[in-house]
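Construct the entire structure; sequences and hints are all you get.
Protein chains: 4
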Amino acid sequence: MKKKLFNLFVLLVLFLSGGIVNAQDTYPESGKMEPNMSEFWLPQPEIVTPGNIMTNSAPSDAIVLFDGKDLSAWVNSKDGRSAGWTVNNNGTFTVKKDVGDIQTKESFENFQLHIEWCIPKDIAGSSQSRGNSGIFLQNKYELQILDNYNNKTYSNGQAGSIYKQTRPLVNAMRPPGEWNVYDVIYTAPIFKDDGSYRMPPHITVLHNGVLIQNNTTILGTTTYIGFPKVVKHGAGPIRLQSHGDASKPISFRNIWIRKL
Amino acid sequence: MKKKLFNLFVLLVLFLSGGIVNAQDTYPESGKMEPNMSEFWLPQPEIVTPGNIMTNSAPSDAIVLFDGKDLSAWVNSKDGRSAGWTVNNNGTFTVKKDVGDIQTKESFENFQLHIEWCIPKDIAGSSQSRGNSGIFLQNKYELQILDNYNNKTYSNGQAGSIYKQTRPLVNAMRPPGEWNVYDVIYTAPIFKDDGSYRMPPHITVLHNGVLIQNNTTILGTTTYIGFPKVVKHGAGPIRLQSHGDASKPISFRNIWIRKL
Amino acid sequence: MKKKLFNLFVLLVLFLSGGIVNAQDTYPESGKMEPNMSEFWLPQPEIVTPGNIMTNSAPSDAIVLFDGKDLSAWVNSKDGRSAGWTVNNNGTFTVKKDVGDIQTKESFENFQLHIEWCIPKDIAGSSQSRGNSGIFLQNKYELQILDNYNNKTYSNGQAGSIYKQTRPLVNAMRPPGEWNVYDVIYTAPIFKDDGSYRMPPHITVLHNGVLIQNNTTILGTTTYIGFPKVVKHGAGPIRLQSHGDASKPISFRNIWIRKL
Amino acid sequence: MKKKLFNLFVLLVLFLSGGIVNAQDTYPESGKMEPNMSEFWLPQPEIVTPGNIMTNSAPSDAIVLFDGKDLSAWVNSKDGRSAGWTVNNNGTFTVKKDVGDIQTKESFENFQLHIEWCIPKDIAGSSQSRGNSGIFLQNKYELQILDNYNNKTYSNGQAGSIYKQTRPLVNAMRPPGEWNVYDVIYTAPIFKDDGSYRMPPHITVLHNGVLIQNNTTILGTTTYIGFPKVVKHGAGPIRLQSHGDASKPISFRNIWIRKL
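Chains as they are written, first to last, in this note's numbering: chain A, 233 to 492; chain B, 233 to 492; chain C, 233 to 492; chain D, 233 to 492.
Check the hints yourself; a few may be wrong.
Stated by the list, open to error - DSS-like cross-link-like pairs, simulated, lysine-lysine; straight-line CA separation at most 30 Å:
no., chain 1, residue 1, chain 2, residue 2
1, A, Lys264, D, Lys264
2, D, Lys372, B, Lys424
3, B, Lys464, D, Lys464
4, C, Lys461, B, Lys264
5, B, Lys461, C, Lys384
6, A, Lys461, C, Lys424
7, D, Lys424, A, Lys264
8, C, Lys384, B, Lys384
9, D, Lys329, A, Lys464
10, B, Lys384, A, Lys491
11, D, Lys464, B, Lys424
12, B, Lys461, D, Lys264
13, D, Lys424, B, Lys337
14, C, Lys491, A, Lys464
15, D, Lys461, A, Lys424
16, C, Lys461, B, Lys461
17, D, Lys384, B, Lys424
18, C, Lys353, B, Lys264
19, C, Lys464, A, Lys491
20, C, Lys424, B, Lys461
21, A, Lys310, A, Lys328
22, C, Lys384, B, Lys424
23, D, Lys424, B, Lys491
24, D, Lys328, A, Lys372
25, C, Lys461, A, Lys424
26, A, Lys337, C, Lys424
27, B, Lys384, C, Lys264
28, B, Lys372, C, Lys491
29, C, Lys264, B, Lys424
30, C, Lys264, A, Lys464
31, B, Lys424, D, Lys264
32, A, Lys461, C, Lys491
33, C, Lys464, B, Lys384
34, B, Lys491, D, Lys384
35, D, Lys461, C, Lys491
36, C, Lys491, B, Lys461
Claimed, not checked - Reference listing, derived: stretches of chain A covered by chain D, where coverage requires no fewer than 3 residues with Cβ under 8 Å from a Cβ of chain D:
no., region
37, 310–319
38, 482–488
Because the hints were derived from the structure by calculation, they are not lab data. All figures in this text were calculated on a predicted structure; none of them were measured in a lab. Each residue gets a CB set at the ideal place from its N, CA and C atoms; glycine is no exception.
As structure tokens, this is what we get:
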């Protein structure tokens with residue numbers, strides 16, 4: 233009798249925790265992948281020397297995310313406190329590796345984003361270990377930042393790639409020490425109730441004025457290992473990645489966004 | 233005999249007027265429209281003051297269509313001879329109304345186009361009679377040029393509209409005397425054998441760095457009167473329109489195109 | 233004093249002509265169109281004799297909208313009371329013209345719809361006056377029903393057209409007295425805050441098993457006169473049109489819908 | 233001298249391993265994957281019992297690929313000679329495993345395809361080893377055929393999946409011994425000169441009248457191991473796969489195609 237009661241208790245706990253499932257609901261997991269299985273080196277995008285675009289002030293309807301003075305629009309991604317990256321006195325700010333990623337206080341859906349970034353002139357290293365950072369759109373989908381001026385890496389991991397998904401159409405990098413510009417048009421995904429995409433996200437990117445992503449379909453969230461994942465989400469912040477290269481961190485300036 | 237001759241005459245008239253077809257092929261024509269039936273004034277796009285973008289030199293893989301010196305990449309649209317518009321000694325050129333439209337010698341399919349245009353400072357007139365011109369993509373689809381700085385017109389006819397189809401998302405005009413920039417990403421249509429679109433053309437436009445067309449579907453060729461038409465075509469030139477305002481013609485500079 | 237009177241007169245004229253509103257809100261209206269301006273007869277879709285598909289019972293996850301017995305899933309569109317059309321004792325129901333349109337009680341967004349309809353064997357009339365009805369998706373976008381078996385009409389108004397927008401790819405009509413089947417895959421529009429489409433509606437239709445609309449973009453709500461309108465809306469019912477031909481009304485049977 | 237010989241040896245080894253290329257063309261290869269890395273079991277599509285659709289004869293404009301009598305529209309994929317599968321005297325034909333795949337003589341681009349298939353009533357085995365076959369569209373993209381009536385497998389490998397890419401929206405299988413129907417609307421890809429997709433292929437599939445693929449983007453050619461590949465191609469045949477289960481082969485009937 234005690235046994236019975238105990239069993240009932242177990243059943244109840246399982247039931248409340250959603251743990252009672254039919255045996256037939258146990259499924260194999262997919263094989264574990266290695267990072268380099270989703271890294272494709274060929275074809276390498278052609279190198280294009282971009283034209284000369286000067287710094288662009290923000291349109292009147294833009295939300296200025298960095299105006300050269302402070303990071304008040306940003307928080308630290310770990311603890312939600314102050315961003316903690318270094319604001320320089322020349323209207324730029326610089327990654328501070330040990331404090332981790334930063335992200336906008338505000339969340340966004342569809343937008344046009346302008347952002348400028350600069351690889352330090354004395355950058356060292358190769359492939360992914362050379363000025364690596366990234367912009368996570370809606371905190372989920374990474375537009376890669378890297379020094380790919382005379383630095384080869386897998387093409388779906390180079391600057392302007394949708395990281396580990398889609399390589400840029402061309403390589404329009406400026407050399408270290410010069411400022412690169414991304415102009416991004418981002419269309420947020422729309423989800424079905426079951427969490428799958430009714431419409432996946434789309435992205436168009438100009439790198440230094442040169443088209444590198446042309447209404448590219450984003451296949452899922454950025455993952456370092458394995459296939460992109462489809463994960464239901466709502467509005468999300470812009471997150472900037474703090475990645476390796478602590479001694480030679482990259483800098484940003486002139487960031488603004490327009491809701492679409 | 234007279235009857236016969238008369239019949240022949242009727243047949244000839246019908247033939248010359250395209251009227252001899254099989255009885256079963258005679259269909260009513262659509263009602264004749266007036267120009268203002270496809271002009272929609274509301275909603276008016278919000279006014280956005282664009283940021284400051286400086287003149288942009290061409291990327292290394294671009295075809296330069298005007299480098300400030302001559303119109304050698306262009307011909308007159310009427311006779312295919314020299315363009316005949318006025319090249320100024322400040323790196324710009326100006327519409328010469330009496331010679332008509334000009335178009336590129338080369339034909340294009342999918343492309344990124346950069347083009348700058350300037351309304352004269354002392355422009356006069358209102359609505360469509362104020363700095364009117366246009367860029368015909370593949371010689372068929374017009375991206376409107378007009379002075380809409382403090383000048384209202386129907387919204388699907390203002391600067392940055394796909395003329396008589398789709399208004400711009402916002403009005404990002406600079407005032408007369410200042411240079412406007414269009415950055416255009418154009419996806420050419422693909423046709424079925426029967427002449428209908430398998431995929432219609434699409435267009436993205438930044439006006440002075442502000443998104444005004446976001447992968448907009450182009451519905452058919454630009455017509456001043458009536459609905460857009462679906463007309464099968466292949467590669468086509470970029471055509472610049474010579475339109476009214478002979479006394480105060482608009483100017484262009486810094487035109488380049490990249491095949492996609 | 234004369235000046236004042238004249239001003240009053242001007243004000244009166246402006247007022248009567250709708251011209252006195254806030255200065256910034258005064259815009260011309262578009263020209264008034266006639267119905268035949270949006271009726272296009274050519275090209276006429278090719279005639280295809282459909283294969284033999286038998287009546288299809290509903291999948292297990294479908295909402296059955298008519299099971300042959302009663303119209304309990306429907307209401308009258310005018311007053312929301314009982315549908316009022318005639319349920320026959322052979323598992324079909326028939327339009328009752330004087331009571332007007334009927335619509336589903338439930339509202340839908342994205343769906344797969346199966347519906348069968350039959351033109352009476354002794355139908356008379358021509359062009360649009362021959363078995364005219366229609367299915368309004370989300371109460372806004374009409375998929376046309378008409379007898380086009382040996383009956384010509386404007387091609388964007390014939391059976392299977394998105395009425396006054398897009399003609400069917402082919403004409404797969406069965407003759408009067410036989411049952412026609414529409415299998416519809418409908419993707420609801422998604423709107424921006426300003427009421428414009430972020431993604432317009434799309435539709436795929438099989439008519440008697442033959443593809444007649446292939447992921448067609450719907451341009452706006454169905455209007456008898458003028459251009460389609462873009463009108464923001466949420467979920468909406470399926471509405472069946474009561475149209476002309478009171479003496480020879482059409483019938484329906486076997487209607488089911490699956491939410492997507 | 234010894235040094236020279238050693239160098240020669242190194243060169244030889246490099247040559248034999250494909251390692252002598254221009255230095256700038258040497259790139260790492262992606263990591264080798266295992267088949268189960270691209271097999272995703274969850275979520276499992278919901279089970280839907282399809283309605284009753286009867287055999288469908290071909291529309292008048294269809295190309296009949298199998299009319300119940302002979303395989304004259306097909307050839308063997310290995311040698312281009314006669315198909316070699318077994319035509320039965322009940323209007324069906326059956327896979328003959330040892331002769332391999334068969335494919336249509338004619339090549340296709342965009343099409344509507346109707347095809348019926350039947351798992352033998354006494355089928356045995358589990359997961360992928362149970363009635364496995366497939367339809368390769370344009371000889372490249374596999375729409376999976378399998379018995380998934382009370383047989384679980386990875387969801388992107390079950391009947392109606394775009395194999396190893398996209399699972400069906402639902403599982404609309406009929407039990408072994410009954411006929412399944414696929415109605416497929418296929419939009420061929422369009423390629424850029426560099427071999428990448430300008431527009432990837434798209435597919436809509438009804439399985440026994442139930443929508444299971446809704447204008448799904450096909451990501452690349454079907455591969456058993458690893459990511460889909462983007463491979464430039466033109467028109468291609470329909471290929472039917474001869475796969476395992478030699479003792480209990482599946483059957484087909486009533487196949488027709490309409491060019492779109």
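Status of the hints after comparison with the structure:
no., hint, result
1, A:Lys264 with D:Lys264, "holds (12 Å)"
2, D:Lys372 with B:Lys424, "holds (22 Å)"
3, B:Lys464 with D:Lys464, "holds (25 Å)"
4, C:Lys461 with B:Lys264, "holds (21 Å)"
5, B:Lys461 with C:Lys384, "holds (22 Å)"
6, A:Lys461 with C:Lys424, "holds (26 Å)"
7, D:Lys424 with A:Lys264, "violated (34 Å)"
8, C:Lys384 with B:Lys384, "violated (44 Å)"
9, D:Lys329 with A:Lys464, "violated (43 Å)"
10, B:Lys384 with A:Lys491, "holds (24 Å)"
11, D:Lys464 with B:Lys424, "holds (20 Å)"
12, B:Lys461 with D:Lys264, "violated (51 Å)"
13, D:Lys424 with B:Lys337, "holds (23 Å)"
14, C:Lys491 with A:Lys464, "holds (19 Å)"
15, D:Lys461 with A:Lys424, "holds (28 Å)"
16, C:Lys461 with B:Lys461, "holds (19 Å)"
17, D:Lys384 with B:Lys424, "violated (41 Å)"
18, C:Lys353 with B:Lys264, "violated (37 Å)"
19, C:Lys464 with A:Lys491, "holds (19 Å)"
20, C:Lys424 with B:Lys461, "holds (28 Å)"
21, A:Lys310 with A:Lys328, "holds (13 Å)"
22, C:Lys384 with B:Lys424, "holds (24 Å)"
23, D:Lys424 with B:Lys491, "holds (11 Å)"
24, D:Lys328 with A:Lys372, "violated (48 Å)"
25, C:Lys461 with A:Lys424, "holds (26 Å)"
26, A:Lys337 with C:Lys424, "holds (23 Å)"
27, B:Lys384 with C:Lys264, "holds (21 Å)"
28, B:Lys372 with C:Lys491, "violated (41 Å)"
29, C:Lys264 with B:Lys424, "violated (34 Å)"
30, C:Lys264 with A:Lys464, "violated (46 Å)"
31, B:Lys424 with D:Lys264, "violated (41 Å)"
32, A:Lys461 with C:Lys491, "holds (24 Å)"
33, C:Lys464 with B:Lys384, "holds (25 Å)"
34, B:Lys491 with D:Lys384, "violated (48 Å)"
35, D:Lys461 with C:Lys491, "violated (33 Å)"
36, C:Lys491 with B:Lys461, "violated (35 Å)"
37, 310–319, "violated (count 0)"
38, 482–488, "violated (count 0)"
Hints 7, 8, 9, 12, 17, 18, 24, 28, 29, 30, 31, 34, 35, 36, 37 and 38 from the earlier list are contradicted by this structure; the remaining hints agree with it.
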